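Dock chains B and S against chain E, hints included.
Chains as they are written, first to last, in our numbering: chain E, 7 to 296; chain B, 6 to 411; chain S, 754 to 1037.
The set of hints was computed from the structure by calculation and includes no laboratory data. If a hint is listed, it holds; no wrong ones were tucked in.
Pairs of lysine to aspartate or glutamate residues, derived as EDC-like cross-links and limited to a Cα-Cα distance of at most 20 Å, are as follows: (1) S:Lys860 with S:Asp927; (2) B:Lys48 with B:Asp329; (3) B:Lys305 with S:Glu981; (4) E:Lys15 with S:Glu940; (5) E:Lys15 with S:Asp927; (6) B:Lys387 with E:Asp264; (7) E:Lys16 with S:Asp927; (8) B:Lys72 with S:Glu981; (9) E:Lys16 with S:Glu931; (10) E:Lys15 with S:Glu928; (11) B:Lys181 with S:Glu802; (12) B:Lys72 with E:Glu53; (13) B:Lys387 with E:Asp70; (14) B:Lys340 with B:Glu321; (15) B:Lys320 with B:Glu51; (16) E:Lys15 with S:Glu931; (17) E:Lys16 with S:Glu940; (18) B:Lys343 with B:Asp329; (19) B:Lys396 with B:Asp217; (20) B:Lys48 with S:Glu981; (21) B:Lys320 with B:Asp338; (22) B:Lys72 with E:Asp264; (23) E:Lys15 with S:Asp936; (24) B:Lys387 with E:Asp159; (25) S:Lys860 with S:Glu931; (26) S:Lys813 with S:Glu802.
The calculated label-pair distances, taken between Cβ atoms and stated as ranges, are: (27) E:Ser280 with B:Leu324: 51 to 61 Å; (28) S:Gly896 with B:Val215: 42 to 52 Å; (29) B:Ser218 with E:Val147: 40 to 50 Å; (30) B:Lys181 with S:Gly896: 52 to 62 Å; (31) B:Gln393 with E:Pro219: 44 to 54 Å; (32) B:Lys181 with E:Ile74: 40 to 50 Å; (33) S:Gly896 with E:Leu284: 35 to 45 Å; (34) B:Arg337 with E:Gly60: 49 to 59 Å; (35) E:Leu61 with B:Glu171: 52 to 62 Å.
Just so we're clear, the structure is a prediction, and the values are computed from it rather than from any experiment. C-beta atoms are modelled at their ideal positions from N, C-alpha and C, and glycine is treated no differently.
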Amino acid sequence: MIVGYRFSKKVIPYLFVAPNTLIFGVFVILPMFYGLLYSFYEGTFIEGLERFTGLENYQRLLRDQAFISSLVHTFAYVVAVVSLVVMFSLMLALALRASSMGSALARIGFYLPVILSPVVVGVAWRWMFSSDLGVINGVLVSMGHSPIPWLTDINWARAVVVLASVWAMTGFYMVIFIGGLNTIPSELYQAAEVDGANSTQQFWKITLPLLAPTTLLVTILATINSFKAFEIILVLTNGGPGDATRLLVQNIYQTAFDASNPTYASAQSVVLFSVLMLLTFWQLRITRED
Amino acid sequence: MKKIVFWLFVVLVSSIVLARGEIQVVWFTEAPTEQAIFERYVKMYEEANPGTRVEVTYVPFQQLTQKLQLMVAGNTPPDVARVVTANIAEFDRVALDLSTFVDSTSFLNQFLPSQVPFVRRGSRIIGAPLDVTANGIFYNKDCFAEAGIRVPTNSLNVWTWEQWREALNRVRNNSKCRFALSYDFTTHRFSTLLYAAGGRFIDDSGKQFVVDSQNSLRALTFFSELFRDGFIPRGQWLSNDDPSTLFRSGLSAMYMSGNWNLAQFAQISGFRWGVMPLPRDRIRSTVPGGKFVMGFRESKNPAGAARFIQWITSKEINLPFSRDNMVLSARRDAKGMKYGQFDDAIAVFQSDLSVTPAYVGRDWSNPAMARLNTFIRGEIVKVLLGQQTPKQALEAIQAEGNRLLR
Amino acid sequence: MFTTGLRQSTKIQTRLRRYLREGLVLLLAFFFLIPVIWVVLSSFKPNAELFLIPPSVLPKEPTLENYQSALTVGNFANYTWNSFFVATMSTLIALLTNSMAAFALAKYRFVGRQALFLLTLATIMIPLQVIMVPIFLVLRNLGLTDTLWGIIIPPAATPTGVFLLRQYMLSIPDEILESARIDGASEWAIYWRIILPLSIPALATLAIFSFTWRWNDFIWPFIVISSEQNATLQLALARLVGQFGVDWSTLLAATTITLLPMLIVFLLLQRYFLGNLMAGSVKG
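Looking at chain E on its own, in the form it has when it is part of the complex (with noise of 0.2 Å):
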């Protein structure tokens, strides 16, 4: 009895853990060993996988101009993304956190793009900044100035991805950040304020602080999801002008598919995954020593 008993209590966490570790391991991670073993060899779609190549591939990846530009956009492209997430969604966050009329409907209205779907929010940053199409350069043109080359000039193009991405990420983010002031007693102001510490003082001195961990899992957050943007890009600029904005998911992505190449891709796949794993691992020792 006291026997089963221990047993059945061993094996109970397993149980629990089983139906998602199935589609977990079915769906994610045999896939993926899948993927690391096609990068060692050659082959196409509808040939299969036809010689074994070794490192052949990843000896090609250190010389692909495309692949490196791709890898070099992907960190500039989080980077940016995340620092802007980070920073207003934090505005945001302390300019509504109020629990009045006029927060709540904003908070609605920064909170919407959220929902959209990535498809829907390129079609409409492509429809409001289309270089010859564009509302916004239909005005500039209408009220005499010149045309300004949003999505045909690289520079323009990267902070135009850049600010749709960060417009459809932020009011998530907002909405953390107002969690996350709720839960600093408002005690602390109140006695700041008795000290004669003014708004600047209290928000360096007090809420900064104490906002540390939710500000540590937005960034997480945020990174990780910038990391996956894809659909975003690929309606409004697809990569483009040239590869100015081409992300590595995307590259990867038109090697297996336009370039018929689905093994170098894996390779690709691979490399992309050992840096997310490395950021993951980073982040986490970051939390406990927190």
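Then chains B and S, alone, in the frame of chain E:
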């Protein structure tokens, strides 16, 4: 007991009917109008073949190759797919061989000789031609009239590139058209200029890229100047803006595309438009191509696929189908077919096709081109962005092409 | 007398300042929404009016012809039902399996727990597109291609869901579980009767997000679904963003049709969308 037997019987029969009766079709579309037309013909087929259900998946052209690749890789190919020249070379190895279902000689004899090489692989027949395509230039008649420019109407007064550029300049400055020229963002459409300049991608052996030549250089330089001088809106090649929209809404005076647009343009009501022969440089040329239907060896219903392919390419169906879509049928007996309001336009495409050298079609039936498409386009864009010279671009394309062919 | 007057005037001042601030944030929120508003407004303009310079703000001749052409392009009622079915089923499965896994990860000590948790965290980072080819092959082997279940089951094991729920369940005191055990409750009963009810705020949050993600999913249906009858709204929309012949008028109407259901759900349930997150149910 009786009940069980009855249900077993029902299950048995229905499984046979399902296996026999369903044809899965992947049909790419370039305009909503095409879909409505095809749906009508699908209904006709189902009515003519009771018990058969045709299940159609519509895919935008841009996603066609990927969709088919995934389906083939997943071992669930469709029974029938509509494809273009590049795909038929690409899917050669997994194609359904129609020669086991038809009499090869008489089947192939129905089609224009120019389209037969695409589908004949030795004794195998890996598809059937639906229609012939040709690149060409559409123009806004109202804008040209407003600018007082006379447009060439037949093969005798074709513009040279210099005359063309002059006309672009005049129409942009003197008409309500805000933009001079819309230009599809594809290697295929760019190559129209390449061939007119006397250039080509691959030599006669099909094993060697020869694109790095003086003639090609001239074409690419001319093309980049069209951008530099603002004739082509930059968004079309630099941010994937849709060239067709600009032309259809009357903002663009000309549109470099192809004959498959006719059906969609028939709905334009804001202005009058026409088709002009392609401007010449060293030679006159268009880029011929085609749309095909093909089956897949591993599909569920190859017999049904073969029947459907024969049906849609038959005289009774293909001619009216081509007329409804306003495309050039690939059948020999379509010669002299009337399209009503578009006869003039179609005559222009046919005239361009008749003077096009044979190697142009061969270039595009080489599987290497399907895999290089995106790469070539990328190299051209680098020229437009000023990141490299036309010469460097051609060298890069040639090197990458030869790497693939080796 | 004098002091009350002063106090009153400062009161009015603070109130004025508050109104001003409220007005300002509302204006800002309005500007923020211009891209969406512009799509919806434009969808009612005839094709000729779409590209006018200067642009017209409100449609001069409002028309439904764009919607007509969008509806002839496809069976939007069917797409909407498919999207709804997929999002609902996937969310229900995710709630069950994720909460079970989160419960085990939060409340038991067992060999491999740490590894499982790390694995969950790590896979949050994997963009689906990166492994789409092998995933497709797995689905094929299971006979799930071109079925709605093929887009329902695989994404249900949301690592984010497990993560969120685990963090929430950690805050449930172990004493409650212990006293339930002493009273003779089975482990399943503890999960079902105690943990789940106590986790409702986190579950509601996950439900809403999971539904939104699945509703908005594009890549997954694109890989799995090949037939017309199983297409979802996002697939149908993406079909209109082809490379040539993007018909802006039709596209804008279809975009509006696609965003409308989610918008209604959001406006009705906005309290749950925002409230649970703001209540601090997501903790670092």
